[in-house]
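4 protein chains.
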Amino acid sequence: MPVCVFEWRYGSREMKEVWDQKKRLKYMALVEYALLRALKEVGLVPPDVHPDALLQAVEEVSLEEVQALEKELGHDIMAFVEALASKVDEKTAKYIHLGATSYDIVDTVWALQFRDALNIIYKDLKDIIKKMIDLALEYKHVPMLGRTHGQWAIPITVGFKFANYVYEMARAYERLKDVERRVVKLKMSGAVGTMAAWGEKGLEIEKKVSEILKMKPHAITTQVAPRDSFAELLASLSILSSVMDRFALEVRELSRPEISEIIEGVSKKQVGSSTMPHKANPVTAEKISGLAKVSRSLVLGELENIPLWHERDLTNSSSERILIPHAFLTIDEQLKSMKKLLEKLVINIENIKRNLERAGCINLAERIMIYLTLNKGLARNRAHQLIMDAIRSYGSIEKALKVGHDLGKYLSHQELETLCNPSTYLGSYDKLIDRAIQYAKRVIGEQQ
Amino acid sequence: MPVCVFEWRYGSREMKEVWDQKKRLKYMALVEYALLRALKEVGLVPPDVHPDALLQAVEEVSLEEVQALEKELGHDIMAFVEALASKVDEKTAKYIHLGATSYDIVDTVWALQFRDALNIIYKDLKDIIKKMIDLALEYKHVPMLGRTHGQWAIPITVGFKFANYVYEMARAYERLKDVERRVVKLKMSGAVGTMAAWGEKGLEIEKKVSEILKMKPHAITTQVAPRDSFAELLASLSILSSVMDRFALEVRELSRPEISEIIEGVSKKQVGSSTMPHKANPVTAEKISGLAKVSRSLVLGELENIPLWHERDLTNSSSERILIPHAFLTIDEQLKSMKKLLEKLVINIENIKRNLERAGCINLAERIMIYLTLNKGLARNRAHQLIMDAIRSYGSIEKALKVGHDLGKYLSHQELETLCNPSTYLGSYDKLIDRAIQYAKRVIGEQQ
Amino acid sequence: MPVCVFEWRYGSREMKEVWDQKKRLKYMALVEYALLRALKEVGLVPPDVHPDALLQAVEEVSLEEVQALEKELGHDIMAFVEALASKVDEKTAKYIHLGATSYDIVDTVWALQFRDALNIIYKDLKDIIKKMIDLALEYKHVPMLGRTHGQWAIPITVGFKFANYVYEMARAYERLKDVERRVVKLKMSGAVGTMAAWGEKGLEIEKKVSEILKMKPHAITTQVAPRDSFAELLASLSILSSVMDRFALEVRELSRPEISEIIEGVSKKQVGSSTMPHKANPVTAEKISGLAKVSRSLVLGELENIPLWHERDLTNSSSERILIPHAFLTIDEQLKSMKKLLEKLVINIENIKRNLERAGCINLAERIMIYLTLNKGLARNRAHQLIMDAIRSYGSIEKALKVGHDLGKYLSHQELETLCNPSTYLGSYDKLIDRAIQYAKRVIGEQQ
Amino acid sequence: MPVCVFEWRYGSREMKEVWDQKKRLKYMALVEYALLRALKEVGLVPPDVHPDALLQAVEEVSLEEVQALEKELGHDIMAFVEALASKVDEKTAKYIHLGATSYDIVDTVWALQFRDALNIIYKDLKDIIKKMIDLALEYKHVPMLGRTHGQWAIPITVGFKFANYVYEMARAYERLKDVERRVVKLKMSGAVGTMAAWGEKGLEIEKKVSEILKMKPHAITTQVAPRDSFAELLASLSILSSVMDRFALEVRELSRPEISEIIEGVSKKQVGSSTMPHKANPVTAEKISGLAKVSRSLVLGELENIPLWHERDLTNSSSERILIPHAFLTIDEQLKSMKKLLEKLVINIENIKRNLERAGCINLAERIMIYLTLNKGLARNRAHQLIMDAIRSYGSIEKALKVGHDLGKYLSHQELETLCNPSTYLGSYDKLIDRAIQYAKRVIGEQQ
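Line by line, the protein sequences give chains S, U, H and Y.
So for the first sequence, my numbering puts the first residue at 1; every next one is plus one.
So for the second sequence, my numbering puts the first residue at 1001; every next one is plus one.
So for the third sequence, my numbering puts the first residue at 2001; every next one is plus one.
So for the fourth sequence, my numbering puts the first residue at 3001; every next one is plus one.
It is worth saying that the hints were derived from the structure and are not from the lab.
Among the hints, a few may not be true.
Pairs of lysine to aspartate or glutamate, DMTMM-like flavour, derived with a Cα cap of 20 Å [claimed, not checked]: (1) H:Lys2336 to Y:Glu3072; (2) U:Lys1071 to H:Asp2389; (3) Y:Lys3376 to S:Asp48; (4) H:Lys2336 to Y:Glu3070; (5) S:Lys177 to Y:Glu3180; (6) S:Lys201 to Y:Glu3072.
Just a sample of chain S residues kept apart from chain H, beta carbon distances all over 12 Å, derived [what the hints assert, rightly or not]: (7) Pro2; (8) Glu64; (9) Asp89; (10) Lys91; (11) Lys126; (12) Trp152; (13) Tyr173; (14) Gly199; (15) Lys344.
Just so you know, even glycine gets a beta-carbon here, dropped at the ideal spot from N, CA and C.
Please take these sequences and the hints and turn them into a complete structure.
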């Protein structure tokens, strides 16, 4: 009886595995193993205790078993510990979880899941950034209309447009890396953070667990890891999500039949609309934009989780069970959709050119204004007024000149023609593209 | 490989059934049935078409089948229609979905699900309100400390406290009823809302479907029902959720061992803490508070769904697939937890009394202030200053009088003693309780 | 040193007056007056007390005076009461605020401000709805492209588009009316809601204040009015805000030079862009959309204000000082901008017609599909496939027929031509427009 | 007619100056100056242009003047440029703003304001962290009850509690430093980001402006700086805000008269409550918590600003005018309130001790459990069950032992007494405190 759309429709296999309930038992067993091994190494438990046994035992633990025990005990971590204990020798069983609080396990499992999930995201992000770099280079010199307010502006190039997304996606990557330093952290400090149950050995145990799990500890904690960077993580995911939304919006707009410059292509078999069979709807881009709304929403809940009571209250527990996996699954579905969208992308050079020509000189008014200022000695605002008046009164500068508008005093028809060539009004677009790509490569290269 | 906590942990069977994928096929079949029957009745399809067959056919349609078809067609509603068509006679198959757009089905299914889900919520809400009315009446006359800013204030009664929640919960009920009028609405108007595919018969068809499904239509729509009240619905659920959060917070605070007045009781077997075995943690109340954070978050996503493009874009689709079911499942888990919490609630009369006595006369300073104003002719602010000074300087009014504070000029020890009896300083508490209960009964009685 | 944009740029005079600090003193004085008059009428204060004096005294109270007193006393309401008291005769001064708690004043002032602010909103909403009704009627029969997913869909009429906004704006009106019943409520019940300070007279006093202020009381309260409907109010404002966002988005999109159907016009003098003098940017529509983001945000803070502690904590105070006025000022700026936008709106019939022609028959594929199903005996899905194949393979149905596509077996050129006339494929658009207008008139007429 | 609470009540002088409208003119003039100087240095404008003149001219520009011009021109930046131009020699006037787009100015001004505002925040944060370090050290060894779920847990020390806040506040500092690298960035790239108006000189001009303003440029931009880190900035502020909320909540809870351990003290003159004169309400802490709700809300609006259209649309403009200054002013009021709260904080050692004693051995159950496991050979879960049963059946372990509970088989009265000393069950608290302080010092020392 599945009720959540991630069970049957959204989310990749690899990302769902990280958040799968069965897999979670293994994450928990790994942490219990690391703790028990540390306890043994520091001599707090006898040498004939077998930490390794936990890693095998968990294979035999079933979700049903844990759930049945939880129903009885009213506590999910204790239920798991009991189930695990029942599968190993008595001595090992006796020392599982010794001195730990549930959230030593839960929060360290979150950190392990964050690390694994982030690695999937980094991989997808790299693929996407690389693909966008390819597009930025391939279409580096192809002029197209810039658009501001939805109106025609001075020209850019197709590659320049992609280079901006390269930059923004690379920033999202960098941002996640920053968060990771704060949030992928070991929490192994007992019931209120003092490590009291381990006597003098707390820091030593923490150090060993840290080495086993290859994860640095928090400097200090309460019963739980601070939620500040949990919120930071969800915020950073939602920023990435919103950058993808921006790209998807770009495609959705440029796919309009009136514009038709950069289009989400469709396969022949796909049904566009149940009732309007001709429609080639940008459904993948629309899905990406839609999911961004979910991603933005989820940030709020985690921000509210920061102010927990004293050494903690439990209100983060139920909310995070929903917020965290859904945040990662949502971003995952978006990333996979981005890759699909980039594959399907149709860049229609002809339409791009045609629209640029349709705009004519009107979108190069800025250039004329600067020209009049620098070469004809007009003040910038006077030039601005003249051009504006010409366009508003006659619809185009060409026409205004013909009918003898004042502008003609400063501008010949030939000058106008030269100024109206978009290919020579692209500024430093190529060096800026290179700079953006360089930045992106440096950012994603840090991971190699 | 379940990844969503509502698959195994949260959510009642009845509420999950409403949002179950398999059940959704039946909702869809019901709408297709209603449409086909209407088409037949108005004479747009031949008389030997069999609408009833759809209701049987859907029993044979499997999720896997629909998903396989969707993979091929890239469109979920068309996939369902094809699957359904394959199970009925050729003629009936031919006319299924005729003239409808996918969102005639999808949005009408949402409305059907809203209606069913709201009915579950109303039922729970009634149970909770009735239980709270019982508590308000049972403890109507038991004085307890009022608390503002977490500090001791003048007394209320236990029943008065519950009566406030009766009022707030009944308001949540009334609010949902208001929203229902706007959101449980038929959407049967075709691809852009004009009913064009049905020629002159559109309004007649809509009327018949409306009668079959017992649901009034929107006055006008685009391709989709307006999302305004979808957002209103989620906002209203999150308000209800936050009122429950307020009650849960009340219990969590009053369960503190230092206060211990109204406590979430525990069963003997339940494990309080894996490492602190003595703990009787208010975990049910904490769950309710935790889920409220999720509920509040989800509102945002749906608010963003209101500004769809023109006759619609698809960005509401992916987001609503997540937002809507999770919003209802979250509130459902809270409601069920509220019922459980109310059953487990321990009202500790002794502690309530003891704390009231500990507060002594300090929390009745207001009364003394009024007394001095009305009976001794002091200005209100002068009285306020005198009392404040007495308390701040000597810790209690009694003590201040003993050491000869100026207050003694206006107040004898005997007067003080009389004024310090909380039972005679409860104002119109009983009539207010009755008024709140009356209001609540009227609100929930509207449904009977 | 103004720091808030509403001080110099946004917000109308009438709405700003409601939230003006100086005006707020008058609202407070009005409530103190009503209370004192009620106290006198029930005989709790002597007959020679002069409630009317308060209404005159407040004219002499300066903000500076109150702020100076607040600095001393650390309490804003007490500061105001002292300032007011200093302006009246000793006896009257003595009884001001008697038995009231600060929030009897604060919450009743909120309710008075809500009522006044809502009346401004209703007025603007009516104006906007009426203007939209005019447009819906004026352009009732002018066909235009429907658009879904940003792609061409079957036709609507310009009037039909406006009628949808008429409906959605009227729903926003109706929704606010529903909230008003719950949120514009008197709160006059003392320190914890029991009315204790007024002995047996509490309900009688409340009734008299209620009559004076023409405002019904809450059935019961704590120290404060329940925050549930404060949140509901902000949510409802943000829904209205988002509906306006939807309209603004419509205009921004249709103002694109490639579409240019419904355009935000500009005055000759207005500067479009500092550097691109030709630009006619839809800046008013963009402002409306921008402010909707603020409006949606503010809901969250008020949702968090619902779960206050016990008989109240103070955390709603600082947050509401920001959230509530800014929510109303934001919606006000949007409403005024909507009126301006509607005045400036250019409906370009020629472009509307041209785009419809450009779309040709492609957007009427639905109609052909239905025709083939009802008149030529094809199954709906077969018809769907044939048409889809024709369009995807040949770009248009006309061309497919010419080159001998299978579709030609069922469809002649002449039939195609007849089917391709958008004016005869508008369904029940006119009756639906009427129905929407009727609904809207009924809703806004309730106020007359 | 002030309507915004930051005009008269909240916000420090230094922070308000950053967001003051008059001051903003100076920021704008500074950017225009830097640009004009760069233009001159690269030889795009004649050598007898005087950039310095702009810095003097702005002193003469009045807000009224700019607003009047804006009313005429409908464009705020052009209005400012005109006003500025009117105050300098003709030649200089002619070249102001040459080749720039409005958002070269607006976004660089934002960056300058961010830098100045962040510096104020860093200063406050350092003060707060240092004060908290002092408290952590002063009360390092004073045992107090740990509290989880609001229930008594094993002991911590007062200093340990503060050290956790030291850590969380230092993390907030570190996080802001990370964001600063991405958001305090120069945007000087013209109308669509290509620098076209400056021909080949774009990058050179950008470099010079960058040196003058001491601010690195974005690698690439559209017409505007990417909004990703604007959202990141507001999210990071709201996380800091929520950490302060957590501290304020700590104080509010511990100020409850039943607990009374760490209290917000009051001055003698301050009025606690207008009607309950005895109240010593933690109003500063409540204000901090209240403002956090606002801070969390504002994040959403800026997240929505990320997906702008193409090379930009204007919807970020109106929303950021509200969101950004209010976000900074809110955090500023919180920071100043935190400093005040820390000054007023009363740490009541006696009550801390008394409550610890009241808890008796019950909160050390964990320790007994570990002891039984490690020293008496019981399995951890068996020990857990025994203790739980003892407490639930007899209320305390001491009593259970007395009446012959099974626990007595493993635990003598003397052992119990030794185990029940909280001072010997504090684990590595002191080293953890040191570690947290060390981390914090390193973080805030980076700025020296």
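Chain H versus Trp152 of chain S - minimum CB to CB distance exceeding 12 Å, so not interface: Since the minimum Cβ distance to chain H is about 6 Å, Trp152 of chain S lies within 12 Å and the statement is violated.
Lys126 of chain S non-interfacial with respect to chain H [C-beta, more than 12 Å]: holds (30 Å)
20 Å limit on alpha-carbon distance, applied to hinted pair Lys201 of chain S and Glu3072 of chain Y: Violated - the C-alpha atoms of Glu3072 of chain Y and Lys201 of chain S are around 75 Å apart, more than 20 Å.
Asp89 of chain S non-interfacial with respect to chain H [C-beta, more than 12 Å]: The assertion about Asp89 of chain S holds, with a minimum of 49 Å to chain H.
Pair hint outcome, Lys2336 of chain H versus Glu3072 of chain Y [Cα-Cα no greater than 20 Å]: Holds, because 19 Å separates the two Cα atoms, which is no more than 20 Å.
Proposed proximity, Glu3070 of chain Y with Lys2336 of chain H (alpha carbon, max 20 Å): holds (18 Å)
Interface exclusion of Lys91 of chain S relative to chain H, criterion Cβ beyond 12 Å: Given that every Cβ of chain H is farther than 12 Å from that of Lys91 of chain S, nearest at about 48 Å, it holds.
Restraint check for Lys177 of chain S with Glu3180 of chain Y, where alpha carbons must lie at most 20 Å apart: holds (15 Å)
Check on Lys344 of chain S being off the interface with chain H, judged by Cβ distance over 12 Å: Given a closest Cβ separation of 15 Å, the condition holds.
Consistency of the no-contact label for Glu64 of chain S, given chain H and a CB cut of 12 Å: holds (36 Å)
20 Å Cα cutoff - pair Lys3376 of chain Y, Asp48 of chain S: holds (17 Å)
Reported absence of Pro2 of chain S from the contact zone with chain H (all CB gaps over 12 Å): holds (27 Å)
Consistency with the previously given hints fails for numbers 6, 12, ordered from lowest to highest.
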